[in-house]
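There are 2 protein chains.
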Amino acid sequence: MSAQAPHNTLLIPGPIEFDDAVLQSMSHYAESHVAPGFVKVFGETLTLVRKLFQSTSPTAQPFIISGSGTLGWDLVSANLIERGENALVLNTGYFGDSFGQCLETYGANVTHLKAPIGDRSPLEEVEAALKEKSYKLITLTHVDTSTGVLSDVKGVAQLVRRVSPDTLVVVDGVCSVGSEEIAFDEWDLDAVLTASQKAIGCPPGLSIVMTSGRAIQAAQSRKTPPGAYYASIANWLPIMQNYENNKPSYFATPPTQLVHALHTTLTQITADVPGRFAIHTEVSNKVKAAAAELGLKQLAARPECQAHGMTAMYLPEGLVPADVLPGLLKRGVIFAAGLHKEIATKYIRFGHMGVSVTDPKRGDIDNALAALKEALAEAKQAKGL
Amino acid sequence: MSAQAPHNTLLIPGPIEFDDAVLQSMSHYAESHVAPGFVKVFGETLTLVRKLFQSTSPTAQPFIISGSGTLGWDLVSANLIERGENALVLNTGYFGDSFGQCLETYGANVTHLKAPIGDRSPLEEVEAALKEKSYKLITLTHVDTSTGVLSDVKGVAQLVRRVSPDTLVVVDGVCSVGSEEIAFDEWDLDAVLTASQKAIGCPPGLSIVMTSGRAIQAAQSRKTPPGAYYASIANWLPIMQNYENNKPSYFATPPTQLVHALHTTLTQITADVPGRFAIHTEVSNKVKAAAAELGLKQLAARPECQAHGMTAMYLPEGLVPADVLPGLLKRGVIFAAGLHKEIATKYIRFGHMGVSVTDPKRGDIDNALAALKEALAEAKQAKGL
Numbered sequence: 001m002s003a004q005a006p007h008n009t010l011l012i013p014g015p016i017e018f019d020d021a022v023l024q025s026m027s028h029y030a031e032s033h034v035a036p037g038f039v040k041v042f043g044e045t046l047t048l049v050r051k052l053f054q055s056t057s058p059t060a061q062p063f064i065i066s067g068s069g070t071l072g073w074d075l076v077s078a079n080l081i082e083r084g085e086n087a088l089v090l091n092t093g094y095f096g097d098s099f100g101q102c103l104e105t106y107g108a109n110v111t112h113l114k115a116p117i118g119d120r121s122p123l124e125e126v127e128a129a130l131k132e133k134s135y136k137l138i139t140l141t142h143v144d145t146s147t148g149v150l151s152d153v154k155g156v157a158q159l160v161r162r163v164s165p166d167t168l169v170v171v172d173g174v175c176s177v178g179s180e181e182i183a184f185d186e187w188d189l190d191a192v193l194t195a196s197q198k199a200i201g202c203p204p205g206l207s208i209v210m211t212s213g214r215a216i217q218a219a220q221s222r223k224t225p226p227g228a229y230y231a232s233i234a235n236w237l238p239i240m241q242n243y244e245n246n247k248p249s250y251f252a253t254p255p256t257q258l259v260h261a262l263h264t265t266l267t268q269i270t271a272d273v274p275g276r277f278a279i280h281t282e283v284s285n286k287v288k289a290a291a292a293e294l295g296l297k298q299l300a301a302r303p304e305c306q307a308h309g310m311t312a313m314y315l316p317e318g319l320v321p322a323d324v325l326p327g328l329l330k331r332g333v334i335f336a337a338g339l340h341k342e343i344a345t346k347y348i349r350f351g352h353m354g355v356s357v358t359d360p361k362r363g364d365i366d367n368a369l370a371a372l373k374e375a376l377a378e379a380k381q382a383k384g385l
Numbered sequence: 001m002s003a004q005a006p007h008n009t010l011l012i013p014g015p016i017e018f019d020d021a022v023l024q025s026m027s028h029y030a031e032s033h034v035a036p037g038f039v040k041v042f043g044e045t046l047t048l049v050r051k052l053f054q055s056t057s058p059t060a061q062p063f064i065i066s067g068s069g070t071l072g073w074d075l076v077s078a079n080l081i082e083r084g085e086n087a088l089v090l091n092t093g094y095f096g097d098s099f100g101q102c103l104e105t106y107g108a109n110v111t112h113l114k115a116p117i118g119d120r121s122p123l124e125e126v127e128a129a130l131k132e133k134s135y136k137l138i139t140l141t142h143v144d145t146s147t148g149v150l151s152d153v154k155g156v157a158q159l160v161r162r163v164s165p166d167t168l169v170v171v172d173g174v175c176s177v178g179s180e181e182i183a184f185d186e187w188d189l190d191a192v193l194t195a196s197q198k199a200i201g202c203p204p205g206l207s208i209v210m211t212s213g214r215a216i217q218a219a220q221s222r223k224t225p226p227g228a229y230y231a232s233i234a235n236w237l238p239i240m241q242n243y244e245n246n247k248p249s250y251f252a253t254p255p256t257q258l259v260h261a262l263h264t265t266l267t268q269i270t271a272d273v274p275g276r277f278a279i280h281t282e283v284s285n286k287v288k289a290a291a292a293e294l295g296l297k298q299l300a301a302r303p304e305c306q307a308h309g310m311t312a313m314y315l316p317e318g319l320v321p322a323d324v325l326p327g328l329l330k331r332g333v334i335f336a337a338g339l340h341k342e343i344a345t346k347y348i349r350f351g352h353m354g355v356s357v358t359d360p361k362r363g364d365i366d367n368a369l370a371a372l373k374e375a376l377a378e379a380k381q382a383k384g385l
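The listed protein sequences derive, respectively, from chains R and Z.
Here UniProt numbering is used: the first residue of the first sequence is 1, the next is one more, and so on.
Here UniProt numbering is used: the first residue of the second sequence is 1, the next is one more, and so on.
Be aware that a few hints might be false.
When chains are identical, the list treats them as one kind, so a pair holds in a single copy or across two.
[Stated by the list, open to error] Straight line, CA to CA, 25 Å or less: simulated DMTMM-like cross-link-like pairs of lysine to aspartate or glutamate:
1. Lys40 with Asp323
2. Lys373 with Glu181
3. Lys330 with Glu304
4. Lys223 with Asp359
5. Lys136 with Asp272
6. Lys223 with Glu85
Bear in mind the hints are in silico, worked out from the structure with no lab data behind them.
Because the structure is a prediction, the values reported are computed rather than measured.
Construct the complete structure from the given sequences, taking the supplied hints into account.
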């Protein structure tokens with residue numbers, strides 16, 4: 001049984017349910033951010049981020065900063081690209097639009113390669129786009145939270161290295177890190193940014209960014225100073241290096257309690273990284289099969305474009321989210337409404353990540369599928385469908 | 001008795017000890033950031049920030065954003081001033097230097113009016129500086145955490161309105177909000193930025209910024225777009241307004257658990273705001289008298305320049321922090337070493353804020369003063385002083 005107060009099960013694409021140990025470790029008494037105990041925990045947590053990304057490269061560098069996942073966009077945009085340089089955004093939904101706006105804020109010239117809703121651009125189109133201009137960086141949303149579309153990170157990275165080897169490969173992994181495979185070194189990525197509250201299973205409030213030696217080099221060889229102060233790689237780099245070397249260091253006060261929670265969840269996750277991806281795939285397949293059985297079509301039409309930590313499903317014609325979500329809530333289950341502006345009223349989103357997936361004793365997924373079946377039937381009946 | 005695990009008492013100038021209820025409220029089960037329960041809590045917390053600042057102005061606007069206190073500098077520098085405009089920094093130590101660097105990152109022309117260590121610039125000097133150029137904004141550090149110097153916020157604000165009425169008055173209140181009086185409307189301030197982990201008594205991870213109608217107007221009438229994305233007032237303003245009007249809204253995921261903790265501590269604090277300042281003054285006077293009795297001179301020499309939430313004390317000639325801090329730790333008390341680069345090895349800092357001050361049953365302050373007396377005597381004896 002959970003040590004947490006009774007509550008409805010949160011199965012949206014983040015924040016997600018917490019393991020008891022994670023939540024308990026966050027209730028840590030007050031600590032100095034430069035005291036030996038905390039320095040050790042923070043340093044270990046940075047090393048655990050490397051493990052999470054299956055990275056052993058000594059030039060790669062993790063960052064853990066107080067902030068939302070969105071802050072990672074600023075970290076990329078203010079440090080890895082300069083005013084007037086070109087960025088190619090592989091746009092698979094809401095979050096591609098926003099990342100593009102962030103890049104433009106810092107002066108980048110942004111080209112969007114927009115895929116149809118529920119799909120991703122084929123590699124041939126990406127190749128053609130890459131050959132049109134010299135791009136300082138390319139961004140892709142690994143899983144678009146608004147649609148559940150999965151990008152081909154490995155394929156795009158290989159392509160970039162072949163046709164435009166100096167272009168930095170930047171992955172928005174907010175909705176993928178912890179549930180989708182990422183082999184940072186092997187795939188030769190330059191930056192993956194994420195947040196604590198999705199498949200990582202920690203409360204929200206941490207921006208986590210993994211960078212390659214090539215990315216750090218780009219930040220350090222800028223012709224102009226970084227575009228931000230709080231989101232400056234130059235300001236944070238020595239801090240992260242010092243903490244990982246067990247030396248206290250100060251630029252801004254780290255969120256000590258959240259770092260404890262992250263340490264706990266990353267210790268759990270990194271005990272078996274491939275196993276974690278496997279179980280997320282297995283449960284995702286089960287969810288998608290059950291949805292199909294209920295006659296629900298996914299936004300991500302092609303199987304290779306479907307995320308493994310969430311499922312975005314069109315509702316039957318005649319139903320809107322407000323017809324179904326209350327029926328789910330009545331049964332103790334929270335799903336999310338649609339987010340993609342053009343079709344928001346036509347679909348719902350089911351997040352299946354973290355402890356709800358890895359701890360079958362909780363019964364979260366089976367309960368949710370049963371509740372979905374009942375709530376749908378009820379809604380159809382109410383509408384005479 | 002505390003429900004927290006036994007630990008040494010943290011009496012540094014932030015983070016500080018937590019009230020049990022604050023820490024417990026942070027252990028909240030997972031919640032959607034757009035669910036009615038959380039929307040209500042976040043909205044109420046914004047309203048409590050107004051109360052904390054004794055503000056009733058409908059045009060004033062509080063912001064609560066995931067980040068360290070430092071992020072508040074970016075919020076000011078990227079929104080309230082434009083490239084090429086002038087900023088006057090009233091510099092009383094380490095944090096004035098850094099705020100100046102942040103302003104320069106976003107293109108401001110920064111003039112520092114530097115006070116001698118342990119002092120603040122007299123109003124006549126500030127007036128002379130204000131008359132030299134047209135300044136878009138003036139910043140002052142209410143309490144410099146590195147030295148314990150208290151600025152005359154009310155006096156400076158009155159002066160600015162008299163001699164340069166359009167200049168925005170920006171207060172770095174990271175080490176003052178919750179322990180020093182601030183009457184936001186009455187003093188006619190434009191921005192006060194702070195963090196959650198000092199006198200507010202919440203774990204670190206929240207950047208809290210209070211802005212005036214005049215400041216919002218300046219942000220909205222910029223000739224150029226804001227200099228940052230995550231720290232953009234334009235991006236956050238509708239979100240804060242919606243939450244306070246009990247409407248869910250999304251720009252970036254708020255740190256739900258920390259917001260619960262902030263709600264709890266602000267509910268406690270705002271039950272009696274003047275009483276809170278009074279008890280901080282009373283306890284500060286007691287600490288300063290005890291320090292004087294031990295022959296310890298304060299960095300902030302003049303009484304009107306002495307903060308009420310911390311005391312920075314020179315050690316006797318011949319002692320460095322490493323001679324005294326371990327003796328304090330042995331007695332269960334944590335103070336901080338010096339931070340001001342030029343004199344860091346000559347002094348220590350005692351933070352007396354929040355629950356250690358307001359809950360005398362804890363005995364934190366008396367225990368700390370007794371431990372300081374013993375640790376000093378021990379250190380002197382060891383050095384043959």
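Here's how the hints hold up against the structure:
{"no.": "1", "hint": "Lys40 with Asp323", "result": "between (50 Å within a copy, 23 Å between copies)"}
{"no.": "2", "hint": "Lys373 with Glu181", "result": "neither (30 Å within a copy, 57 Å between copies)"}
{"no.": "3", "hint": "Lys330 with Glu304", "result": "neither (34 Å within a copy, 60 Å between copies)"}
{"no.": "4", "hint": "Lys223 with Asp359", "result": "neither (50 Å within a copy, 54 Å between copies)"}
{"no.": "5", "hint": "Lys136 with Asp272", "result": "neither (35 Å within a copy, 55 Å between copies)"}
{"no.": "6", "hint": "Lys223 with Glu85", "result": "both (12 Å within a copy, 23 Å between copies)"}
Checked against the numbered hints above, the structure violates hints 2, 3, 4, 5; every other hint is satisfied.
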